[in-house]
Amino acid sequence: MIPTKFLLILPILVPFLTGILAVLSWHQRNLQRVVSLTGSALLLVVTLILFQRIDRFGPQAVQVGNWQAPFGITLYADLFAAIMLVMAGLLGLAVGLYSLANIDEMRQRLGFYPLYQILLMGVCGSFLAGDIFNLYVWFEVMLIASFVLLALGSERRQLEGAIKYVTLNLMSSAIFLAAAGILYGVAGSLNMADLAMRLRTAPVGVVTTLAMMFLVAFGIKAALFPLFSWLPSAYHTPPTAVSAIFSGLLTKVGVYAIVRVFTLLFVQDQAYTQAILLILAALTMVTGGLGAVSQYHYRRILSFHITSQIGYMVMGLALFTPLALAGAILYIVHNIIAKTNLFLISGITEWVGGSYDLKKLGGLYVRQPLLAGLFLVSALALAGLPPLSGFWAKLTLIKAGLEAQAYLIVGTALLVSLLTLYSMIKIWTQAYWKAQPEMVERPLPPRGIGWVIRFAPVMLLAACTIALGLGAEYFLDVAQTAANQLLNPSLYVETVFGTFVGGMH
Amino acid sequence: MHEAVVDPRLLPVLLSGYTLSLIVPMLTRLLRQMTGWFLALLPLALFVQFLTMVDAVASGQILTANIPWVPSLNVNLSFVVDGWGLFLALVVTGMGALVIIYASSYLQGHPAIGRFYTFILIFMASMLVLVLADNIFLLFIAWELTSIASFFLIGFYHEKEQSQKAALQALLVTGSGGLALLAGFVGLTAVSGTASFQEIQAHSDLILQSPYYLPILALILLGAFSKSAQFPFHFWLPNAMAGPAPVSTYLHSATMVKAGVYLLGRLQPTLGQSSEWFVLVTAVGAVTALLGAWLCWQKTDMKEILAYSTLSALGTLVLLIGLGTELALQTAVLFLLVHALYKGGLFMAVGIIDHETGVRDVRQLGGLWRQMPWTFTAVLLATLSMSGLPPFLGFIGKELMYETALALPRYAQLLTGVLLLTNMLMVTAALILLVRPFFGPPQEAHPHHKTAFNLWLGPVALGGLALLLGLLASTEAIGESLVAPAVSAIAGGELHVHLALWHGLTPMLGLSGLTLLGGVGLFAVHRRLQPGVVRLDTAVRRLGPERWYGWLLDGLLRLAGWFTEKFQNGKLRYYLLYVLATTLLLVGGTLVFRAGIAWEALTLTPLRLPELLLAAVLLAAVGVVVQVESRLTAVAALGVVGYSIAVFYILFSAPDLAMTQFAIETLTVILFVLVLYRLPRFDQFSSRRTRLRDGVVAVFVGLLMAGLTLMAQSVHVRGASALADYFIRSTEPLAQGHNVVNVILVDFRGFDTMVEITVLSVAAIGVYALLKSRTFHLERVRAEQTAVAEQPSPAEPILPQKEAH
Amino acid sequence: MEMIMALIVGTLYAAGVYMIRRRSLVKLIIGLGLLGHASNMLIFSMGNLVRGNPPLLHEGIDLASLADPLPQALILTAIVIGFGAQAFAIVLIRRVYQRVGTDDMDQLIATDKPR
Amino acid sequence: MRSLILTTATRYLLPLMLLFSVFLLFRGHHDPGGGFIGGLVASAAFALHGFAYGMPEARRVLLFDPLKLIGVGLLTAVSSGLVAPIVWGRPFMTTIWSQTSIAALGKLGTPLMFDTGVYTTVIGVTMLIILALAEEDGDQEEEAI
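Protein chains in written order, with the working numbering: chain A, 1 to 505; chain B, 1 to 805; chain C, 1 to 115; chain D, 1 to 145.
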């Protein structure tokens, strides 16, 4: 059994070392592929072990460098973090496998695999950070890796998208950095557990001002309305594997950070902050939904839906009841899997149908029934139809919303789910049902290894979506435990300050 | 009181359909044309299974099964077989068997017949779950599944645009209703504290007195009405007839559309004791009944006639349940069966005519009775039942209807009138269906071959059943065993139902006669009236609910387009503006209105001249950067800003920072010069006004950040500087160093540094990849150019690689 | 001095924001540079401004008078990260110019047009 | 346009600057300096050499592919953190110091190893950027749209 103090660092070290090995084997592409895939598989194993440990023994913290908190850097993982880490591991493997077929030779030679691993490292680090500046640093590593992955290949549309993506995300970083600096100026600490205690004695107005700064900074990353514009500009431009991993993990890191700081640090003026979160959540849902309805491009529809669904997650946070938070967590998990899978499916659709443009697609229900079926599983889950995963998340949120008497947001959530259904059906009708437009005559790709590499991860994720739906009780139970941990900040503080071992060295 | 008995058969029975649907693809390959017969064995077996439960249920038992699924959300696999559920389960399975057999021939040779079977089985299983679920959310799940199955079945001919539209419309309308229903269900369970129908029923007082009664009622009615195609949601149903005949038969007349009726019946004892319920449900039912009947006799497409008459029947059912008297419920139960039998048969028969002749328009058909004797038999039996002639079951249904209406304490005349009118029009419709295609001179369209046994089996069986049950109505089997338990499951208490063909000379009999007379009369003149009525109808339709749907959808699309155009116009500076405005609003607003700066708490360090001069240089350099026209000067000025900052670091005790800043600044300037000198000059793109406006925004942002800086400095929460003290005091003894900043970087917070150099490495790889990609692209272009060197002008620009193929 | 620092911070942010909202690619990158400086100066003014007492531990020094080393360490990290991001952004902009052939940001809207 | 002064100066400057960079690396723990600054100085030396003799020559003097340097540097940094968990069972990045001190260097410990990793990485990073920029294809040719 791996001691927890090592286990907690492994989700960072595994992709880091994998990335370094991939850099060192820069010119041997096949070696890189083996290294990358092995690393991804290992990451999933590690995160699963970590999840199981935390599920059984509760939140864990480790002090990097063995410096007592709040002086060193703390890594902290509660059940929420562990869930997110498992998601990173799962996606890392699924998309990693898919990328073997999807990423072309040029991009491989320009460093796709190292970048991919470093991106995973940044994501995992963000989930584990127990120190606000360390979180900033993780955000940066994730961000810069995503910049490069987005622009890798330098197609014109990629570059155009990248400009917007880079600029707005650097804005977010600048605000985050300023906020972290001011937080240090106000409270004199960077350790989040320490801050949680110190901020209790700080003037409420000042803390709330800081909360708003963090909300804007993380809101950009999470693509909240009206800070989301970079996402639909950029997410549809790189190769599918890149879109998929972005859609699954990056915005969710923003949501994770929002949830973290608004449950741990900024709980002083809840009426005010929750009201703002609620308004943003509603607007985000609507904007994304409308955006998706207006599009005719497969991946752009999916991109807008990322935004709309972030609204649901923030809604769960804004309601701030255990059930609502559990709903948000369930929603995140469901959405990560379903949305990533849809992106992967969009890639296969392009592969067999020759386009992302819905007007040029068609006839795939007849020609590719398996693909169509896999699309349906994820799309209907996304639209929240029972008994798939999205239904349970939606039901939980609606129940929590009605219990909290937040009728307006519940109404919005329900209406937007109709918009989701509409746009998913649009994709279905156009790409799968409709007869194939005559102008595009493409021979079907052979069912070789490329077929297996593409379909295997999609099937894996579809199976996860189904399992999440049929086994909802287990996942809801876990989500509720995670939510209760989140709503109990003193657990965080005790865990961080209670686990210092070994005294001075 | 009912006695609950756990029945282990239930779960396998209910899930068998799903299981079977999974292996359909394999079966179709294995059994080919026999698949239909094989698959029909399942509903048949289930039908028999349910028949064996009839006696137990009639004797007052209810059969249950309960398996926890998601108890945290009160969602469990709990089922209850009571009279009402069992009654519908029999309809669902019985019709299911006939429809599958029928479809095996109707869709014979269609490449997608396997998918048809899959969806029809999923539908059937879901429908069974729906009518037997005790858990309210389980019902909802099944409810949504039937909508989805219906979507795929309506869109069976999915390459036709009309099918796509109809399927989408049905899904959106019933889906919206489903969402309302979900909200209503959540509310209902919240108020009653349970998700079991049995227990909810026991808490009906609690619900009726709750302030949330009305919203809950409204939401649930929205769900039920949209599913059962009540006015103003009725329009999706006629359009749904784009599906193949077996689908119309099974989903859109016999079973799925009855789900709303079923739910209303199920909740009648809970929600039905209010005048709101009475008014809403009765009125909507009555309007739908009349509307359907009125629309149906003007049509000439047989399937359309059936569709609208189905609407009418659904309206009648809803009306009866809204009335809620014992007699009304009894009528509703019986009429449901009556309708399923004759309408199912008619849909199949019309399907046969369509299948064999390719025509559904009564104007192009004639004299078919000779050529299609079996179909004729079926239609004859069904239409007679539809017209309510003795000794058919339809007659008993109609008599009961009038009896119910006449016995009403309120609105008796009005509702009798409504029912009379509806039934008259039904008679006319029945006559149109029977007389025009089958009698009269043969027309051009004629059957191409003999009708297959599989095809006529269903309709003839159903028509025969309508006759047989009518003849047997006075026996116990119908009234006491089937109808009575169903009614008592809704109304509660034990009751007896006695059905008979002959009640003596009653007012009801008179009304029946009147109905027939009126119907026949209208039939006699209907051809002359039709054109005028159709014109009128078209005019009214322009304002009808279907147009509302169109407007809503168009409006939504336009709104979405407009909104997205506004917010996602591709121009980065607007995106930035949104971010800045949000920051100003949220952060600035909070700072000004909730925090503020404690000026008196600011500790000010005295000013010194060199620092002031330095600040002046820095600010001047910033001014140059912003204003200058030449990019090289701007870069140089930016360098000056950086170096001034480095000097600041020196002055304020940060030598490490200063060194790094100097080095980095130099590198940045070099990079700028290397990279940017090949870029164009600074161009002035924006107008003076834009610049002024941007300037104002920028000033506000500056003020905000300066304000935040001062705010932070005016707060002194920090346990003085606990961290700084610790670092300064521990660096030597614990970290073996003297340069505290460096020790923080490599030891206390070395982890940050490790990530930092990773960032740097990735950035370098990024620079490398960006620059190298040009080499790759150029190599490709050169290769292409040599390849097409002979051709003077390449016709198409070469696309960049899209993805690895 | 705190007021002067606040003025500098505010001016740098204002100038940075103004520059990134221009339509010219080159100005955008210069604006990002200014924003980086602004954040660093902001963090720097979060530590108490101490003259001539760098956090270097030499014999006989008064430990209480030293400048707060933590903001310095944070800024060092931020400078380096900022440099990485900026280097990438500079080259990115160059590549955009090479491929698209315009310096006008308003022309770069192809990816946002609904198709 | 290589100037004679630059080429002559660089010949002597390169070793001196490299030596100085190593000096900065080692003294960082006690005085201003450290791996980062050291790495920058070393890269400046290589870059100057490149300006004087051409980039292929700089690449030759560098001995290693910059990408390899980056990899090795990162690996060194992370390995310094792994010493404690693997050898002593302490948390990641716990510092370990040698008991004896070596002349001119002082005590050896994992922080120095870490800083060496930083130093190596920074050289790799800077040289990767500079070499890529210097070896870039010209602007004249059009890429495919």
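Some hints could be false.
As the list claims (entries may be wrong) - Below, in silico cross-link-like pairs of lysine-lysine (DSS-like), each with a Cα-Cα straight-line distance of 25 Å or less:
1. A:Lys-360 with B:Lys-160
2. C:Lys-113 with A:Lys-360
3. C:Lys-113 with B:Lys-566
4. A:Lys-360 with A:Lys-426
5. B:Lys-772 with A:Lys-426
6. A:Lys-426 with B:Lys-160
7. C:Lys-113 with A:Lys-426
8. A:Lys-359 with B:Lys-165
9. D:Lys-68 with B:Lys-772
10. A:Lys-360 with B:Lys-165
11. A:Lys-359 with A:Lys-426
12. A:Lys-359 with C:Lys-113
13. C:Lys-113 with B:Lys-571
14. B:Lys-160 with A:Lys-359
15. B:Lys-566 with A:Lys-359
16. B:Lys-772 with A:Lys-359
What the hints assert, rightly or not - Away from chain D, derived, C-beta distances all over 10 Å, residues of chain B:
17. Thr-35
18. Asn-66
19. Leu-208
20. Glu-276
21. Glu-304
22. His-355
23. Gly-358
24. Gln-443
25. Ala-524
26. Thr-605
27. Leu-609
28. Ser-761
29. Val-767
No lab work stands behind these hints: they were computed from the structure. Positions of the beta carbon are idealized from the N, C-alpha and C atoms, including for glycine.
Now the hints, each set against the structure:
1. Taking the CA atoms of A:Lys-360 and B:Lys-160, the gap is about 17 Å. The hint holds against a cut of 25 Å.
2. With a CA separation close to 17 Å, the supplied pair C:Lys-113 and A:Lys-360 stays within the 25 Å bound.
3. A C-alpha spacing of about 11 Å is found between C:Lys-113 and B:Lys-566, which places the hinted pair at or below 25 Å, so the restraint holds.
4. Of the pairs offered as hints, the one joining A:Lys-360 and A:Lys-426 holds, with about 13 Å between alpha carbons and a cut-off of 25 Å not exceeded.
5. With a C-alpha separation of about 40 Å, the suggested pairing of B:Lys-772 with A:Lys-426 is violated against the 25 Å cut-off.
6. Straight-line distance between C-alpha atoms of A:Lys-426 and B:Lys-160 comes to about 15 Å, which keeps the hinted pair within the 25 Å bound.
7. Among the hinted pairs, C:Lys-113 with A:Lys-426 is consistent with the structure: their alpha-carbon atoms are about 18 Å apart, no more than 25 Å.
8. Our distance criterion of 25 Å between C-alpha atoms is met by A:Lys-359 and B:Lys-165, whose separation comes to about 16 Å.
9. With a CA separation close to 17 Å, the supplied pair D:Lys-68 and B:Lys-772 stays within the 25 Å bound.
10. Straight-line distance between C-alpha atoms of A:Lys-360 and B:Lys-165 comes to about 19 Å, which keeps the hinted pair within the 25 Å bound.
11. A distance of roughly 11 Å separates the Cα atoms of A:Lys-359 and A:Lys-426; the hinted pair therefore holds under the 25 Å criterion.
12. A threshold of 25 Å between alpha carbons decides the hint, and for A:Lys-359 with C:Lys-113 the separation of about 15 Å falls inside it, so the pair holds.
13. Among the hinted pairs, C:Lys-113 with B:Lys-571 is consistent with the structure: their alpha-carbon atoms are about 11 Å apart, no more than 25 Å.
14. The hinted pair formed by B:Lys-160 and A:Lys-359 meets the criterion: a straight-line CA distance of about 15 Å does not exceed 25 Å.
15. Distance check on the hinted pair: B:Lys-566 and A:Lys-359 sit about 24 Å apart at the alpha-carbon level, within 25 Å; holds.
16. With a C-alpha separation of about 35 Å, the suggested pair B:Lys-772 and A:Lys-359 falls outside the 25 Å cut-off, and the hint is violated.
17. With a least beta-carbon separation of about 53 Å from chain D, B:Thr-35 lies farther than 10 Å from that chain, consistent with its non-interface assignment.
18. Residue placement check: B:Asn-66 keeps its beta carbon more than 10 Å from all beta carbons of chain D (closest about 51 Å).
19. With a minimum CB-CB distance of about 63 Å to chain D, B:Leu-208 clears the 10 Å threshold, and the non-interface call stands.
20. B:Glu-276, annotated as away from the interface, keeps every beta carbon of chain D farther than 10 Å; the closest lies near 66 Å.
21. Against chain D, the non-interface label of B:Glu-304 holds: every CB pair exceeds 10 Å, the least being about 54 Å.
22. Under the 10 Å C-beta cut-off, the non-interface status given to B:His-355 relative to chain D holds; the minimum distance is some 55 Å.
23. Non-interface status of B:Gly-358 relative to chain D is upheld: no Cβ of that chain comes within 10 Å, the nearest being about 53 Å off.
24. Against the 10 Å criterion, B:Gln-443 stays outside the reach of chain D, whose nearest CB is about 62 Å from its own CB.
25. Taking the minimum C-beta to C-beta distance to chain D, about 74 Å, the non-interface status of B:Ala-524 holds against the 10 Å cut.
26. A cut-off of 10 Å between C-beta atoms confirms that B:Thr-605 is not in contact with chain D; the least separation is 23 Å.
27. A cut-off of 10 Å between C-beta atoms confirms that B:Leu-609 is not in contact with chain D; the least separation is 26 Å.
28. A beta-carbon of chain D is positioned within 10 Å of the beta-carbon of B:Ser-761; the least distance is around 5 Å.
29. At the 10 Å boundary, the C-beta of B:Val-767 falls inside the reach of chain D, the nearest C-beta of that chain being 5 Å off.
Violated hints, listed in ascending order, are 5, 16, 28 and 29; each of the other numbered hints is respected by the structure.
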